[in-house]
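> Now for the letters of each chain:
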Amino acid sequence: ARGRARASFGMSNFGSKGAMLVTDIAQSAKGTIPPYNDELARAVVDEAQEHHRSILRLIGDIQKTGASLDEAKPDDAASILVHHQAVLRNKRALLVYLNERMRRVRALRWEVGTGLPEVVAENLSHSERSFFTQYAALVNKYQGRRGGVGLNLTLDPAPPRDHKVQVRVLEEYGEVVTRDGAVDLRKNTVHLLWRDDAQPLIAEGVLEKLDDN
Amino acid sequence: LGTRAFQMDEEEDLASQLGPRTSQVHDTDVSKLKRAFVNEKCAPEILPFEFDLVQRVVAAVDSRESVVASARASASTGPSSAADDLQTHVFQSELNRVRFLLRAYYRTRLFKIENHAVWTLKEPAVLARLSTLEKEYATNYANVVEEHFGSVLGQMPEGYGSMLQQIEEQDAAWDMVPEPNLDKHVFCLVKQDRGDVMLDPDDPENTMDLERNDIIMIRYRLIKTLLEENAVDLM
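Protein chains in written order, with this note's numbering: chain A, 1 to 213; chain Z, 1 to 235.
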């Protein structure tokens with residue numbers, strides 16, 4: 001009997017692909033975005049379509065006997081319900097996967113800025129890259145002087161202590177114009193910069209903040 | 001003699017004013033903004049936008065910034081006293097702190113909007129707490145998310161493609177909309193003597209004696225009204 005049931009359906013245990021998809025993102029380190037698992041996501045969607053076809057077939061079979069759905073036998077009703085729940089389960093797994101990745105993509109805008117590093121971009125799906133661009137634009141608009149609050153919200157993730165910070169240059173960056181004039185950011189040089197000037201560069205990894213201790 | 005007596009009366013009046021009620025007399029906009037930010041950070045749901053307060057603070061920051069800028073400009077061209085330099089330094093530090101508060105206040109609210117975008121848009125009482133810019137942000141954000149999810153959900157079987165309902169049903173509830181957890185526990189500082197207060201309508205006999213300066217830990221839902229009335233601050 002078991003063999004026959006498997007053969008007629010011919011696919012893996014219900015929900016296992018969905019579980020794999022969720023595990024994929026759940027097991028990844030929090031600050032990272034692993035490559036978009038397009039193959040698995042598609043498989044989960046296809047499985048949902050397979051379940052749906054089964055539902056339609058079962059409904060069709062019932063209607064062929066001339067009975068209404070309400071009059072369906074408990075076995076048939078149960079089958080339909082199980083397939084329906086399987087679709088919902090797959091939908092949920094997909095959304096968990098998408099949602100968690102979306103949270104991490106959002107965080108990128110706040111940590112890295114509007115320029116998406118190539119190493120990260122290649123792990124995102126096309127839709128995720130599109131989402132990032134649109135989300136970044138939303139934040140820009142909200143922060144902007146015209147039609148926004150006029151304050152760069154990515155600065156000051158922590159309360160400020162000094163208004164000048166000592167920084168060491170990690171990457172050759174060239175000359176920057178600050179409030180005090182031009183500063184040449186040569187690799188391994190140490191500078192005393194205004195917080196507002198230094199912060200974005202610290203976030204990008206160009207500068208390293210030197211603690212007073 | 002008559003004048004001196006009048007002066008002494010005035011001084012006594014002033015002294016009594018600066019006595020126990022000092023904290024109220026010196027409740028500056030910055031300290032209000034700090035409280036607004038801390039409340040916002042601790043509350044699970046978004047609180048009413050402090051439009052007037054923010055407007056005043058922004059105006060004060062702008063004017064102070066020009067003072068600092070011109071002080072620095074004149075200091076670089078001519079002589080400046082140590083006192084002036086110190087004052088500029090102090091003003092600059094204060095400016096940094098206030099800007100941090102503003103940024104953090106805006107940010108905290110934006111993240112709350114993002115995490116519960118659909119719920120915020122569909123609950124009129126919640127939507128009313130957003131600034132105009134935030135309302136625009138919430139709408140646009142929800143649309144961007146819908147488009148992104150839609151790229152996958154659009155391939156789901158018919159009737160299962162909605163972001164709001166598990167299965168599309170006319171006149172059924174939107175069962176896929178997350179809402180903030182109002183039963184989260186928060187720490188509160190009581191600011192007014194309220195005596196015996198009934199907090200939990202499900203447990204009306206269990207009242208709590210709330211006195212000024214009490215600190216309690218309680219479910220947010222039960223003190224939500226007190227917070228709206230400005231009788232408590234979250235910590």
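Quick caveat, the hints were computed from the structure, so don't treat them as lab data.
Warning: the hint list may mix true and false statements.
[Claimed, not checked] Derived pair list, reagent style SDA-like, types lysine to any residue, alpha-carbon separation capped at 20 Å:
1) Z:K41 to A:K164
2) A:K64 to Z:K41
3) Z:K135 to A:K164
[Claimed, not checked] Negatives, chain Z to chain A, calculated, CB over 10 Å:
4) K41
5) C42
6) Q166
7) P201
Where a beta carbon is used, it is the ideal one built from N, C-alpha and C, also for glycine.
> Each hint: holds or not?
Going down the list of hints, with the structure as the test:
1. Z:K41 to A:K164: violated (27 Å)
2. A:K64 to Z:K41: Outside the cut-off at roughly 60 Å; violated.
3. Z:K135 to A:K164: violated (36 Å)
4. K41: holds (12 Å)
5. C42: holds (16 Å)
6. Q166: violated (5 Å)
7. P201: Correct as stated: the minimum Cβ-Cβ distance to chain A is 34 Å, above 10 Å.
Hints 1, 2, 3, 6 from the list above are not met by this structure, while the remaining hints are.
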